[in-house]
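From these two lone chains plus the hints, build me the complex, please.
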Amino acid sequence: MINKIVQSVAEALAGVRDGSTVLIGGFGSVGQPDVLIEGLIEQGARDLTIVLNNAGAGRVGVAKLMDQGQVRKIVCSFPRSKDPVVFETLYREGKIELELVPQGTLAERIRAAGAGIPAFYTATAAGTLLARGKESREFEGKTYVMERALKGDVALVEAWEADRWGNLVYRGSGGNFNPIMAMGAELTIAQAQHIRELGELHPHMVGTPGVYVNRVVQVDRGGDWLKPEQV
Amino acid sequence: MPFNRDQMAARLADDVPEGWCVNLGIGMPTMVANYVPPTREVIFQSENGVIGMGPAPKEGEEDPWLINAGKQLITLAKGASFVGHADSFAMIRGGHIDLCVLGGFEVAENGDLANWATSENDTAPAVGGAMDLAAGAKRLWVIMEHTTKDGRPKIVERCGYPLTGLACVNRVYTNLAVLDVVEGKGFVVRDLAPGVTLEEVQAKTGATLHTQ
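As you go down the protein sequences, you meet chains A and B in turn. In terms of my numbering, the first sequence opens at residue 1 and continues consecutively. In terms of my numbering, the second sequence opens at residue 1 and continues consecutively.
With a cut-off of at most 30 Å between alpha-carbon atoms, the simulated DSBU-like pairs for lysine-lysine come out as follows: (1) K71/B <-> K73/A; (2) K82/A <-> K58/B; (3) K71/B <-> K82/A.
Quick caveat, the hints were computed from the structure, so don't treat them as lab data.
The shape of chain B in the complex, shown without the other chains (with noise of 0.2 Å):
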């Protein structure tokens, strides 16, 4: 059975170990919160400024002046503290976010990621703090589904859509499968989702898989 997108979150919780600082992008990326233990401490960090969120806040207990990237109501952990977006994004083109998670349209063997914009002419592009993000963060998982909606690969040789960084995804997790971006070799099958072949992994990709 492959993972719907609340496992793929989980199974990407399992891998964040106490203590990393995490910044994690909208969509898909913000479920990874609900799934790492409240005893295991890491340090959620807010492209808007905010580090150390908590979860989201009960009903009657919402501050409107408490939000993360995408827009959604938050609280804050002990310990947390508040920058500007000047500083907020120091720390991140300054390398000192551990692990960024963001959703892609495509990821390349060679690690590159798009994941903006559909064409150069998109009706409304918008990057964000994306390639802030892929240029600076030490490491960058991408979660994402395998395929499209329609069935073609998401993970490919080469990305067709424009690029939002460069050689800098590490690993994949999607529905099927984790698989660890791997210099001068590729796509490395780090796990699959139970019950899921290689076999059938493969077909689904655009690029080549490698075992370890």
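Looking at chain A on its own, in the form it has when it is part of the complex (with noise of 0.2 Å):
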């Protein structure tokens, strides 16, 4: 029998490792698993590449990840938020190396580690700084970037529902980040508002198959499930 559930998020993030690239889902707070983060918080990874949208907010999730020197690299397209108090403080430090990625190069580039693609060309960014130092090459008149697939070792995603296979089923817009992480990981851990029987998830409801998925992990929000307001 196939069972992805594991019963404690201690248990959903056992085994990962110092210097992890660890690939995070949402977009600003809308799916982003912050139970998972708080969980790595506790289990106390270090030297950590995360890449994922947003730098975080306030001192929580991932700023609080930061906050504790947990972080050596960052890969995101908008460390800007309402208040981005921890990332530009390590970053003015120089204790916190940024790679900003325009926002589809970073998930084509993700996308494509977890299809098997190394690498590609875009027009995104031809011609300004951050294509500085990459290959660049003409096809039918246009100028392209090549851009490298980014792999992660570990991705972090949340659901709202799940099922023992691993099958995900995304709410609203929470899917944004989240399957494209869970493809791109040798070790993907998901938490989910509810598990499903297996057989209960429409087919054309999910959103990552489970075969993307090793662990999940059941947050029960209850009636609590609104977030606080940070993104």
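Set out below in structure tokens:
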């Protein structure tokens, strides 16, 4: 019997090693696996490279992970937020490395890793600072930049529903980066609000087939699943 | 009288025809949606994978799982759909967006746009989806004040700030004028804010303005 459900957040994060590249789903706070991020803080892995769209806000979640000194490098498209105090302080002091990637290129690099494509060409960023040092090539008279796949050791994702095969269903705009993060890492760990019986999830509603998922932990927010204002 | 921010958004919205799929950047571009009348069917795409955004939710009807690119709460229009980020940006990069509206620091007469960083050593450079949109949308219109707060032109011969995209801007909507960017020619005045003269606009512009 295939059963990817684990009983605790600690069990879900067991074995995450120092120096790992960790892909984290979510766009702002929506679809961000905040309980798994808290779990990673507890778990204590250090020297991490984290890959996600936003660099966290306030002093919770990803910002706290950085504040605890667990992050060596962040790969993201938009480190600004309403309250980017932690990232900006560390960045100014030279304590964190930033690789800024256009959002679509970030998504495609991760998708490519999951799809077995080592590199691709895109018109995005051609002729700009973010193409500096990268190979470029002309196709049909237009300049394209070569971008490399971006693979994770670990992915942390959030879903609304999951089953024991690891199939994931997303809610609202909470899919965003989660499906590609799940594809792009060796070890994919999901937090889900609801665990459903096998066969209960409509096949067309499954946003991430369980083949991409290794562990699922239920995080039942009860009536309290409305997230606090954080971007 | 120069346009205020709402009038600028309304002026731009006037030019968006029924049927277009439109991506609005964060900040002033987002306001454009408020001025497209609900009787005109326009599909608003948000980079985080929402295709068919509706108006802002009424109080008490917010769904925290529905946000736009600026992380503001939204509703869905009838006919809306969701995709993940890879597919959302495939749509953007693949030329399926009829119009993208972005803010700007500078627009040059060759259509170059600078809107993501103010220097090579910006304290917190943040590009988001702007470079993908600049490279992939069928049309790019910029909405911004005509000058900086201290009166320096933002419409220039060549951008000084780091570029977002090369030769990507088709039109600029400012508080003073609507300007087309015409290949081989530069800025062509399409419209002036009420009571604003061409001489006045030219005096506040760092590039030559052409008339049709």
